[in-house]
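Protein chains: 2
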Amino acid sequence: MHSFELLVNQFEEKFSKRHFPDQPTTLYDPNEYFLRLGGKRIRPVLCLMGNELFDNLHKDVWHVAAALELFHNFTLIHDDIMDKAPLRRGTQTVHEKFGINTALLSGDVMMIAAYENLNKVQSAFLHSILKLFNETAKKVCEGQQLDMDFEKIENISFEQYVNMIELKTSVMLAASLKMGAILGGASERNQNLLYEFGKKLGIAFQIQDDYLDAFGDPQKVGKQVGGDIFANKKTFLLIKALEIADENQKAILVNNQQTDIAGVNEILSIFKKCKVDEWALQLKNKYMQEAFAHLQEIAVLEVRKKHLVELANNLLDRKF
Amino acid sequence: MHSFELLVNQFEEKFSKRHFPDQPTTLYDPNEYFLRLGGKRIRPVLCLMGNELFDNLHKDVWHVAAALELFHNFTLIHDDIMDKAPLRRGTQTVHEKFGINTALLSGDVMMIAAYENLNKVQSAFLHSILKLFNETAKKVCEGQQLDMDFEKIENISFEQYVNMIELKTSVMLAASLKMGAILGGASERNQNLLYEFGKKLGIAFQIQDDYLDAFGDPQKVGKQVGGDIFANKKTFLLIKALEIADENQKAILVNNQQTDIAGVNEILSIFKKCKVDEWALQLKNKYMQEAFAHLQEIAVLEVRKKHLVELANNLLDRKF
Numbered sequence: 036m037h038s039f040e041l042l043v044n045q046f047e048e049k050f051s052k053r054h055f056p057d058q059p060t061t062l063y064d065p066n067e068y069f070l071r072l073g074g075k076r077i078r079p080v081l082c083l084m085g086n087e088l089f090d091n092l093h094k095d096v097w098h099v100a101a102a103l104e105l106f107h108n109f110t111l112i113h114d115d116i117m118d119k120a121p122l123r124r125g126t127q128t129v130h131e132k133f134g135i136n137t138a139l140l141s142g143d144v145m146m147i148a149a150y151e152n153l154n155k156v157q158s159a160f161l162h163s164i165l166k167l168f169n170e171t172a173k174k175v176c177e178g179q180q181l182d183m184d185f186e187k188i189e190n191i192s193f194e195q196y197v198n199m200i201e202l203k204t205s206v207m208l209a210a211s212l213k214m215g216a217i218l219g220g221a222s223e224r225n226q227n228l229l230y231e232f233g234k235k236l237g238i239a240f241q242i243q244d245d246y247l248d249a250f251g252d253p254q255k256v257g258k259q260v261g262g263d264i265f266a267n268k269k270t271f272l273l274i275k276a277l278e279i280a281d282e283n284q285k286a287i288l289v290n291n292q293q294t295d296i297a298g299v300n301e302i303l304s305i306f307k308k309c310k311v312d313e314w315a316l317q318l319k320n321k322y323m324q325e326a327f328a329h330l331q332e333i334a335v336l337e338v339r340k341k342h343l344v345e346l347a348n349n350l351l352d353r354k355f
Numbered sequence: 036m037h038s039f040e041l042l043v044n045q046f047e048e049k050f051s052k053r054h055f056p057d058q059p060t061t062l063y064d065p066n067e068y069f070l071r072l073g074g075k076r077i078r079p080v081l082c083l084m085g086n087e088l089f090d091n092l093h094k095d096v097w098h099v100a101a102a103l104e105l106f107h108n109f110t111l112i113h114d115d116i117m118d119k120a121p122l123r124r125g126t127q128t129v130h131e132k133f134g135i136n137t138a139l140l141s142g143d144v145m146m147i148a149a150y151e152n153l154n155k156v157q158s159a160f161l162h163s164i165l166k167l168f169n170e171t172a173k174k175v176c177e178g179q180q181l182d183m184d185f186e187k188i189e190n191i192s193f194e195q196y197v198n199m200i201e202l203k204t205s206v207m208l209a210a211s212l213k214m215g216a217i218l219g220g221a222s223e224r225n226q227n228l229l230y231e232f233g234k235k236l237g238i239a240f241q242i243q244d245d246y247l248d249a250f251g252d253p254q255k256v257g258k259q260v261g262g263d264i265f266a267n268k269k270t271f272l273l274i275k276a277l278e279i280a281d282e283n284q285k286a287i288l289v290n291n292q293q294t295d296i297a298g299v300n301e302i303l304s305i306f307k308k309c310k311v312d313e314w315a316l317q318l319k320n321k322y323m324q325e326a327f328a329h330l331q332e333i334a335v336l337e338v339r340k341k342h343l344v345e346l347a348n349n350l351l352d353r354k355f
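These protein sequence lines map, in sequence, to chains P and H. Under the numbering used here, the letters of the first sequence match residues 36 to 355, in that order. Under the numbering used here, the letters of the second sequence match residues 36 to 355, in that order.
If you're looking for bench data, these hints aren't it; they were derived computationally from the structure. Treat the hints with caution; some may be incorrect.
Identical chains blur together in the list; that is why a pair holds if it fits in one copy or across any two.
Quick list of in silico lysine to any residue cross-link-like pairs, SDA-like style, CA-CA up to 25 Å [claimed, not checked]:
#1 Lys268 / Ile135
#2 Lys187 / Gln58
#3 Lys187 / Glu67
#4 Lys94 / Ser158
#5 Lys187 / Thr61
#6 Lys321 / Lys341
#7 Lys155 / Asp95
#8 Lys166 / Thr61
#9 Lys174 / Thr60
#10 Lys174 / Ile135
#11 Lys166 / Thr60
When you get a sec, could you build the whole thing from the sequences and use the hints?
Laid out in structure tokens, this is it:
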């Protein structure tokens, strides 16, 4: 069993090669550019850890891990187009640097590259890995669509928002763990418990993401300050604040989209007055505890769970 | 063995169901809308015919055929965004009707649906079908990128243009036939001959497409008259005309993008003066003959090839 640091290093070593042909450069260079921006590689490492929870690392797990990371990068490229995001990881997004059409097509071919990696999995596992991958990939698209739909709807309930986050973010984290578990020969019950662990962890992670977008250090987050507010995005913070705020505050929140820093700061000060920053941190802890309860139930020796627990704690305590 | 009409009807019967979940409607209704616009279903029928060339229809061929049609529709949705095309099959394109972001995401999920269908193929064939599918899908994206790149380059050689068309159009027709052949248990030599047949057929088909865009009946083609000229697209006609035209004509052709009908008509009249309309029809016949020479070589009884020959002749004599 390996720590996050060891696994991420091993993954990086294998992943930091060229993933695409040389020609046409206009199609493939944008993808190589984007992959070199790095990333936390959470999905591949979850896949590796899901695998190691039940057995030694399976030789095919590296292909699945690569597929997960490529798919994740595909979603980022396309999401950035849809969100008109200028920056990703502190650097120009693909559509900003190369134009929308190329970003669209480079994203498409990134998804195909994910499937190329999946197709390296041996026959015994190929059907079940592909099935889970496809189901999850569709859900990720559904989540992104709901996220966009919610921008145009004033009243989104907490439940609707959690459902969207599950689709957009959590299920792929959960599936990453489960794919590793499948290759590790885990029982169906253990697979599903691990999946639920990943789902709750994903929600906790999103709560933190929403929190950091508003209250994090922009230098460390590598994105615009209050990017969600600029983009008129629903967040855990906004949804809760709309529940609590008085009429005057609500009028400002409803017109959430701000075009300057002063407007963003006004929203942030309402968030603080409504104490949704504190509420968000408590909610994150609640989901983390639920996640750990599922992990607890998985019938393997406790010692095998150590690195997953560490990873979850590290991910959710990050300050950047 | 079945005729094109019979196979297309059988395919339509199986394919004309809902392909996507009900919710979220904002994501899936655009895809259902687009699939209901119909289409010639050439790729699935080629797959079925490639299969019947060697054996009775394999039960899995329907899944592969559906995957090919879904992938084709995914490319159309995304290409229409990139080309800013207002109409497809005489009707509003997805991005025109539902917005660019939804069209982007609906296209993404259409591609995933293609892979869902591929994953229904039995284990014995899954790896080889997926491998060919992935390789071909990447080439299609490469072709689309080159097509866009060529809009910005004045001098494109005939060879460069043919290479782009092979990637963008021909290889998927060729692969459709070959996937059917794989399921039919064809020898590698026969598979490859069939692939070459499809590739040449695809080029002939594109020559005709370019011809019809300029000289076809717009009512029957279901697209803008001279859409390629409006979009400043390279075509077989333009590339040949640039070779032949005098300096005055060339100056007009080089500034190929026209914004009104008068400009389009001026380009068309130069095409006619240079006789590239006649040249294009001769070139189409040359590629058709090369295609048929490959088909000839395939070691199965001639009678099995009958419907493929008929299909090729029908496709390439179409007036619309």
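Here is how each hint holds up against the structure:
1. Lys268 / Ile135: Both: 21 Å inside a chain and 18 Å across chains, each within 25 Å.
2. Lys187 / Gln58: So Lys187 and Gln58 pass the 25 Å test across copies only (17 Å; inside, 41 Å).
3. Lys187 / Glu67: Classified as between; 23 Å across copies, 34 Å inside a copy.
4. Lys94 / Ser158: both (13 Å within a copy, 20 Å between copies)
5. Lys187 / Thr61: between (35 Å within a copy, 12 Å between copies)
6. Lys321 / Lys341: Within one copy only: 20 Å inside a chain, 68 Å across chains, cut-off 25 Å.
7. Lys155 / Asp95: both (7 Å within a copy, 21 Å between copies)
8. Lys166 / Thr61: between (32 Å within a copy, 24 Å between copies)
9. Lys174 / Thr60: between (31 Å within a copy, 13 Å between copies)
10. Lys174 / Ile135: So Lys174 and Ile135 pass the 25 Å test inside a copy (24 Å) and across (20 Å) alike.
11. Lys166 / Thr60: between (32 Å within a copy, 23 Å between copies)
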